[in-house]
Structures are given as structure tokens and as C-alpha cells.
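> Residue numbers (the working numbering), protein chains in the order written: chain A, 22 to 120; chain B, 1351 to 1689.
These are computed hints drawn from the structure, not numbers from a lab.
Hints may be right or wrong, so weigh each one.
Said to hold, decoys possible - For lysine to any residue, the following SDA-like pairs were computed, each having C-alpha atoms within a straight-line distance of at most 25 Å:
no., chain 1, residue 1, chain 2, residue 2
1, B, K1382, A, Y60
2, B, K1594, B, G1546
3, B, K1403, A, N62
4, A, K51, A, N62
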Amino acid sequence: MTQSKSKLNSSYAFIIAVINTILVYIYLFKFGEVSENEYFNFSILLLFIISLQLGFISYFDKTPTKKMYKTLTIIFFVLFILLSVGVLMLNSYASGFNH
Amino acid sequence: MKQHKLISVFLIFTILLVGLNSWTYYKRQSWKRVYYTASIGVAKNHPVDLYAKLITQNGEKYSSSSLSIEDDFGFWGNSYASSSDIEYMTLPDSLFIHWVSLRERKIFKGTFKLPHKIIDSIFKNNKDKKQKHTDYYGKLKKYFNFSIGIAPEGKITVWIQGKNNFQKEIARFQAQEFDNYLGNSTGQESIDKLVGKFYSSNHKIDSIIKNNIPPELKKWEFLGKKFTYYIIHKNLPKGINTLKIDYFNKDGDEYNVSSHNNFLIQSGAPKWITSNKFDGEKQLRFSFPDSIISIFKEKKKHLTAKDTLVFLLETQPNENSTSSFVTTINELDSSSINN
């Protein structure tokens, strides 16, 4: 008996990823689990979660849309890296200023 | 068709996140949460050192750190919170307060149950009177402030304060004298320490505390006196649509006088009445002295059964002046209150 490998329906996966992102957003920001001072840091975390999901979709996608998901992953990941570096630099400046 | 493993993993996360959100919604009682602030004001020239907190039914606390209050935080009935103090919580259930009245050289303490039904109805029925603040992230927060007023002899008054002059007294409490304030010190030692280190840039307050000037005990009780009466207006100049009224007990509200000519009031005697601008820049403004409270008291003393006090604002036809009178329904033509 041969076992056929299931193909990823990337559009379906993308919709679920959007729903998951919204649910994480609601948990963090709408239920006030994050204090207002940490909004920005958690927005960066949200960018990481988005890029991670897109990364998985682009990795398993074997259709022509793979390229689009790959590009989106790179965009979100670059945004995540840039903002993280920005925050780290600002924090180090701030701690230097405090001393 | 067999599901791809990634879809299964994503779906598991969806289920987990839905569960987490539902549990958080239930645990936080999110449907009951509202925005509010709290602030404390003291009787003028009666500084205190205090610790206070509003406690919700689920045990959350809106607390002040230990505060030394002179005039900076506002006066009795006139205290204001900063928009940075806005909290998103269920309505407060009780008030804990512990303070040293520096001028009286006394410590007071108490936990008081707040009138939940009154608070709830004000929050539900006066949504248009909530203050508004848009935070840094563009989120609009509509809120009321709990203004807590402290007067000598352990007297506490709580108001709910909104915008457009809205302020409503919701409770009065009497705190008991207590014999402890600072951690390891006795009551007297705590008082001595706090009085000893007291400093105010306001020379008058500084001198009052240093020279042990006795407190004004009856003033706040007198100002807080409440009456039930009608405010009736007759022949107000055309163009006047609203009257803002401040009362001596620090209640306040704005009234639409274009649709009604009488309002039943359960507050202090009126202190300020201000109309909207009309005829270009004209505006009616009345300011009443403390003695109006005595007039109300005197009139109330001689009130017969089934009669009610009336505060009448009347503009005489063909005259350009508006006068005010304290009278009663029986003394007036009863048709005045029929709209």
C-alpha cells in the first residue's frame, strides 16, 4: 500500500495564521495582559509570530504561491529585526543616560 | 483527503488561543470592566498624610502610594486625576483609607462599602458625561473619576466626576480614630514624626501646622448640607439653552433649560450658576455666598408637609436683570412647575 503525502493548502493555512495572529493580538492588547509601556515590545513580538507562521507556510508550500509567502516572510522578518535592533539600541542609550 | 501537518498544528494553536481568550475573558470579568480614575482632595488648609485604595469585588486594587497631601492634589470635592492614572477595572466595591490629619493631630482609618447600585446606574445612565482621553496609541478611553474628599473629624465624601461640570455625591462615611500609622511607631509617635518633618511651600499651611492652629471642624459639614428642592426658571432671556450649576456640596451638573423649566434637585444649595453665551457674548453668571445655605435651612425649617423648597430664577419682563429667590411650591403659582 502506498501512502500519499498530503499537500499543503497554503491559502487555508494563511487564513488560519491570520486568525491565530488576531487571537494573539486580542489576548495581548484587548484583554490588557500587556501594560501600555510594553505595547511596542509586544508589537515586535507579534511581528515575529507573523513571520514565523509565514515562514512555515512558505517552507511547506509546493505551489507557485511559495515565492509570495517567502517574500512576505522576509519582509516581516526584516521588520522584526530592524525594530528589535532599534529597541535594543534605544534601551542601551537609555541605560547609559541613567548612569 | 488527509490534512497537512502544518494545518493541524495551526488549528491546535487556534483552539488553544480561543480557550485562552475565553478563560481570560471569564477570569477578568471583561464584560464588567470600565475605565475610571480616583483622586483625593482635602479640606483647604487641613493637610493629611494618607494611604488609600479602592477595592473591587474580585480583589483588584486601585491604590494610592503613601501621599502627603497639601493642596497639590486638589481640595475637598475638587480633586482631579491625571489621564495616566486611568485603569480598566470592574467597579470598586469598597474604599480603604488610613490617614493622619496633621492639623487635628489625629489618625483615622476605615474600610467602607461603596453603594454599588448608585455607582452602576451612574456609569450606565450617564455615558455622555464621561470624560474622554485618547491614549498614545490612539485608543479612546471614556471614564469617570472617583473624587474622594477628606474633611476634619474623619469625614469622607465620595463623588463621581465627569465632564461638562458633572459631579455627583455618591456616599459619605465616618472613619474611626485609630492608634497606628507608621510601621513600628505608636500613633502619637507617627503624628509627631509627620508633623515634625512637615514642610509646605505655602506659608499659611506651614504656619498653621507649626503653630498648632485648631482645625475648622464645622465648616465642611455646613457646606455639605443637602436639600431637596426645585430649580425653576421664568422668562430667561432668549438664547439661553443650558445652565451649569455648581452646588456647595460640590455636586455639579449641566441642565437643558430650553426643554424644561423645572428640575428636581437633591444636592447642596447652589453656589455658581452660569448660562451658555447668548446674544453674542452675553452670559448669565450668579455666585452665591455661604449664607444662602442658612436661608435654605431656615426655609426648610418652616416647610409644611407636602410642600417643597424652590430656587427661582426669574427675569422680569422689560427689565434687563435676572433675580433669584428661595421660596416654596405653595408660595408660588403651582402652574410654574407644569411644563
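> Give a verdict on every hint.
Right, here's what the structure says about each hint:
1. Distance hint between K1382(B) and Y60(A) is fulfilled; the C-alpha atoms sit about 23 Å from each other, no more than 25 Å.
2. At most 25 Å may separate the alpha-carbon atoms for a hinted pair to count; K1594(B) and G1546(B) exceed this at roughly 43 Å.
3. Proposed proximity of K1403(B) and N62(A) is contradicted: the alpha carbons are some 30 Å apart, above 25 Å.
4. Between the alpha carbons of K51(A) and N62(A) the distance comes to roughly 15 Å, so the proposed pair stays at or under 25 Å and holds.
Hint compliance for this structure: hints 2 and 3 are broken, all remaining hints hold.
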